[in-house]
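S.K.: Next come the chains, spelled out residue by residue.
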Amino acid sequence: MSHAWWESRLIENRRQFFRRSSTGIGVAALAHLLNQDRETVAQKPGAVAGNGGLPGVPHFAPTAKRVIYLLQSGAPSHVDLFDYKPSLDKLHMQELPATVRGGQRLTGMTAGQKKFPVVKSPFKFCQHGESGLWLSELLPHLGGVADDICVIKSMHTEAINHDPAVTFFQSGHQQPGRPSLGAWLSYGLGSETENLPAFVVMLTRNTFGEAQPLYDRLWGSGFLASKYQGVKFRSQGDPVLYLNDPAGGSLASRRSWLDQLARLNALRLKEVGDPEITTRIAQYEMAYRMQTSVPELADFSDEPESTFKLYGEEAKQPGSHAANCLMARRLAERGVRFIQVFHRGWDHHSNAAKNLPVLARETDQGSAALIADLKQRDMLKDTLVIWGGEFGRTVYAQGNPNAFGRDHHPRCFSLWMAGGGVKAGLTHGKTDDYCYNITENPVHVHDFHATILHCLGIDHERLTYRFQGRDYRLTDVHGNVVDDILTQPRG
Amino acid sequence: MVCWPRNVLITCCCLLCVSAAGAEEKVDFSRDIRPILSNACFRCHGPDAAAREAELRLDIPAGAFAKRKGKAAIVAGHPQRSELMRRISHADPDQRMPPKESNRNLTAKEIDLVRRWIEQGAPWQQHWAFQPLVQPALPKLAEDAWPKNPVDQFVLRRLRSEGLTPAPQAPAETLVRRVAFDLTGLPPTIEEIDRFVEDKSPRAYEKMVDRYLQSTAYGEQMARHWLDLARYADTNGYQYDTERTQWVWRDWVIAAYNRNLPFDQFTIEQLAGDLLPKGTAQQRLATGFNRNHGITIEGGIIDEEYRVEYVMDRLVTVGSVWMGLTVGCARCHEHKYDPISQKEFYGLFAFFNQVPERGLGFAPQESIASPLAEQQRREIDQEIARLRAELERPVDNAAEVEQWARKIASGVYGWGVLNPDFMKSSGGSKFTKQEDHSLLVGGANPGKDVYDIHARTDQLGVTAVRLQALTDPSLPGGGPGRHSNSNFVLSEFELTVVSVKNPETSQVVKFSQARAEYSQRNYEIKKAIDGTTSNNNGWAVDGPVRKKPVAAIFVASVPFGYEGGSVLRFRMRHEASFGTHGVGRVRLSVNSAPTEALGYVGPPVDIVRIASLAVTDRSEPEQKTLAAYYQQQYGRHRVLLVRIAALERGKATVFPATMVMKDLAKPRDTFILKRGQYNAPGEKVAATVPAIFPQLPADVPRNRLGLARWLMDPSHPLTARVTVNRYWQRLFGVGLVKTSEDFGVQGEMPSHPELFDWLAAEFIRQGWDIKKVHRLILTSATYRQSSHAGTAGYAADPENRLLARGPRMRLAAEEIRDNALAVSGLLVKRLGGKSVYPYQPKGLWMELNNRPGYSREYPQGQGEDLYRRSLYTFWKRTVPSPMLKTLDAPEREFCTLQRSRTNTPLQSLLLLNGPQFIEAAQQMAGRVMREGGEAVESRVVFGFRLATGRRPTQEEAALIGSVYRSEFVRFRADEPAAKKLLQVGQTSQLSQLDMVEQAAWTSVTRMLLNLDEAISKG
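Going down the list, the protein sequences come from chains Y and S.
Position one of the first sequence corresponds to residue 437 (the numbering used here), numbered consecutively onward.
Position one of the second sequence corresponds to residue 43 (the numbering used here), numbered consecutively onward.
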């Protein structure tokens, strides 16, 4: 097949595309056309944007098409929010028995503390829904969707400090260097949308000065190709970096300019034959598409007032947790595979009684609204929503018991999941009277990852990437799917 | 073994991705069988004893051929009697190996290969990469004009065996661009292109290569690659990611490449420069290589846990960079594939376990001058010496005192209190002027308040401003602030000076430093002049506990004051979220004294009185008091000492402490760590090297120096191979061994085994001469081939493993940015120095980390700092520069041996809309108009040559010309759009060219810089 012939086909298809693009046929079509025309060209991994994914993945029918993960960075207190223990009333201000602590290593922050007095939660708990889920008074809105969520009270992890713990949750390993959960999913499943990235990250503007820092690698691609990393949607400046022309050129003038650029690239392609040039042409088209689709996505003016009733007025403030929850729903509607929202400020080493209500208020309404909203749109059934931090907090007081804080606690903590094949209205796992040790159904971080992958139709032992001679997995050599919480457990 | 058919086989292997020898061919153990055994069997029947099943070991012949209970896994020549054969081809899935759940099932082809290998006698060889390196003889080829050096002979033999012929040589302008990028990371200038194209001498090409090898940009380009391997960064990584100053080490690398330090010395100095007998400071600086790992400062960490991580990182990095081995796999258990036991891992660990360091902390450190800034260091030392000599010089003290007294008397050295004539509060506060010219603030007490205070002065050469925050009974709480706790937070203190004579002449005063009598912790005075007010950043004074007036001095970077008088427009911002934290009573003064001499308060009234008297009118005690005060406050000695101290301090900033390696006087014991955990020590081990390799030479010490010498011993099978492979990878996109990060048994075989060993051996033979080995590859006919292979060529061999064409690939992140800067003329070529902060979208640092004291706004640079080469861009691990990261630069948390090379829409957006690239296009447009002749056509050619190195075809030129014309029409109709385009970036106002024309050309140059060809080497 001659270059000239091939080139003419390409140009022809581009013309068709441009004719049609004004009537709404997207760049997907172009990428597809370019691709089809390249049957003779070896399919290089990663040569074409969008869909991709690995052959044979998903391994089986998924129950979730996408994930919205509301990560509560800094570690919320399970003692004060989810893990209701009337027993603590009696134990209040008593020393934590050494038998309960069982030699648990302590962080440098309380290792020097002489006494470990148990402090009960200063907040009331009450039951919600038909399932009778106990929740702290700090989470009234979540109570409203109690029958839609599944609370796991028996999470445990290995790390006792923020950096390794959040890195572990994000990548299955405490040290930096591995791909994040979202990157694994983009790599395995590819993208459902041609106009947006498969993996989007949003940061909540934190109102507390002392929030835990975050790092790009938490949504990084590790040893996977860098195109799998999460794309940050920002609430200041361009929503996506460099989305807008600072010179203010109009999209219309850019359209014809891009056509000329594509023509020049196509001439070169004819001369050289390198398929990377074809991809480059397609990527410029995709970039153009993003310039039109992202502003529309970020503009909430098409939302009815009822949306803001549901999510709260705060959802009108870009960067608030509520706004990010609403944005997450809009991204989910547009086919983004993995959406992660980081909400920070839970690291209450002192004054927990004062600080917790602030954080809980920030997260409660938006998170609950997201569940209700997805449900009313019939999207909850195939959207897995997750809410949780990187570890729990100690039942004993850090510092002065009158203005007590709680230190890091890896041995047990709570998080919740909803939709996407997870049983609704369920509580899984139990802890002891001290909220200190798990007594039933422990769920390790690796198990948690295996379960998420399972919901997406992926066998966590079979999603691998060969790097440095070894087949790496998100779950390393561990992980068991928690069948008990699934609507469709493994057969 | 026969030579040539083997090459055919490899083709099958690499092109068809099937490791199958043809039915009649001889099976090669290394190429065909070991990969199967390694991948499918070694996990349970390999080096790791703990994981070994059925006590069967298949990674060594002693295990594979051993008879156990009358059966052997492999019986040479007899597949049917080999237990291995029986099990891998078993009909019963429960009996079949490998087990189903391992996900490593063998294909029928693989099983057949194993069968035939056993049939052929099951010959066993050691893993190729562990075999001693022997330089193969050059292939004997029929006469051919194509080969230019031995590299080509190997390549041509392989091509012939494939029935292929080499591609023609690339055009001269392509070659010069390819070489320029490969050796310097920069495009050739038009003069350089012309010089090469016009040079018809027989050795024109070699001369051109040599020119680039001699350029200082060569060292920068080579260093850039090394920085990925060395996980170099300007921050400490982990959670807080605070800043470090390892750039001095980075300068060492650049200088080392430029003086062509041989690779063995390059290695020894970086791994063990501190241990060299009579080692120099520069050799100690080199050891920063092994301190480039991340260091955490997270409160609450367990010290030993992280100290152990750092040692691990060193070992894993050295294992990857010099040996291409995944030694880290043996941290927790025996290596699953390679012959490295856990004990041997900790034997290596012991070499790096001797540093006097902690998990929390940066010692050992040393201040060593950058080799690129020797001149600067000499100048500072000379100045210090001059001042010291000055100190020794005897002087007439009385005359000096008198001279000073006259200045005091005339008020020059005192603080001239300003008398404000305009005061305004953004929040409605009221100012009441007091007798001492201070302003008492009262009335409304808004949450945030900005005071605008104007005052006139006739003083010239004003060096500093004093702000006094005074107390007053009307203020709450007894201190100087307006809040009920009597504190204030001065978020920012700003000053604009306006000439009285020419009110349109004004300047914003930049304060170079600030000091205060008192600052609250985390609210230091410098935060009032750091340009940011977010996150309650500002100056506060512990108002709740310290109920005293307080003064601060702001030193202007350049003295100011207009002839004929100046109006000083002060702005005091109080924008902390605490609310009502305004200063309660303000007094402002100015001073023209040398800044070293400034006190918070001027000379006491009494001193001023004495100074005002004529000498004859002073009493003797008065004269003594005056002289004593002078000595104490302004004496020449004091001024000189202050200046010397300032220079010494400056030297510390120019040459900050850099982390280096050092060994403990008394060695630290090393233990096997069970499961790799810091708190689970097992058996004690000594510093040793793995048994698979030649042992440490008897005459070397058992420390890092010994280890470095061992690595560089010509008998080491890996060092030269791994290094040469990386050079090849950089030039051709893929290494001769594709898995440059794994030379173990799970890695790939070389595509050209004999070429590969020849090159590696040649590298050693030539004295590890880095420039020579590059010259060798670059002058080969192989490298000079055209990359225009047509779709069929690219389809047949997408990665160019056969080398039937020249290399073509997208440029690296740094090269793309440097290219734009270079062709626009913006590039600042200064070598080395502190890292710089080019353009970056606002807020990227603070949105991830806003902890006071641990983070700050990205301090975007000014002027030259925006246009330095990208390898000097400040590398923040947790938030790498988006310009570089978008184009696949790694985070540098760990050693990176191979960057991914992706092609994404986010890259298109960056190149389309990144201000750095738009500004470069603007300036490039300026060049096109100034240097490209008058006609549109000649300008098109000039611009196209800048972007791609070649002249456009007629079709291309016509297309670009039409773009110019239509953009010209568009901008003529919309001049504001033209203006806006030309205002992007900091250099915009420099151009005197016609605005519409330049905007239209900018549209063209933007397009040129976005061409695939402009961001590719081809």
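These aren't lab readings, by the way, just hints derived from the structure by calculation.
Hints should not be assumed to be uniformly reliable.
One side only, chain Y facing chain S, incomplete, derived with CB under 10 Å [as the list claims (entries may be wrong)]:
#1 Phe559
#2 Trp570
#3 Glu573
#4 Asp583
#5 Ile596
#6 Gln672
#7 Leu679
#8 Arg690
#9 Arg699
#10 Ala718
#11 Tyr901
Label-pair restraints from in silico Cβ distances [to be verified]:
#12 Ala405(S) / Gly626(Y): 28 to 36 Å
#13 Lys866(Y) / Lys142(S): 33 to 41 Å
#14 Glu531(Y) / Gly641(S): 54 to 62 Å
#15 Lys552(S) / Glu531(Y): 57 to 65 Å
Here a beta-carbon is modelled for each residue, glycine too, at the ideal position from N, C-alpha and C.
S.K.: Now tell me, hint by hint, if it's right for this structure.
M.R.: Structure-based check of all given hints:
no. : hint                              : result
1   : Phe559                            : violated, 26 Å
2   : Trp570                            : violated, 31 Å
3   : Glu573                            : violated, 28 Å
4   : Asp583                            : violated, 36 Å
5   : Ile596                            : holds, 8 Å
6   : Gln672                            : holds, 5 Å
7   : Leu679                            : holds, 6 Å
8   : Arg690                            : holds, 8 Å
9   : Arg699                            : holds, 6 Å
10  : Ala718                            : holds, 9 Å
11  : Tyr901                            : violated, 12 Å
12  : Ala405(S) / Gly626(Y): 28 to 36 Å : violated, 48 Å
13  : Lys866(Y) / Lys142(S): 33 to 41 Å : holds, 36 Å
14  : Glu531(Y) / Gly641(S): 54 to 62 Å : holds, 56 Å
15  : Lys552(S) / Glu531(Y): 57 to 65 Å : holds, 59 Å
Consistency with the previously given hints fails for numbers 1, 2, 3, 4, 11, 12, ordered from lowest to highest.
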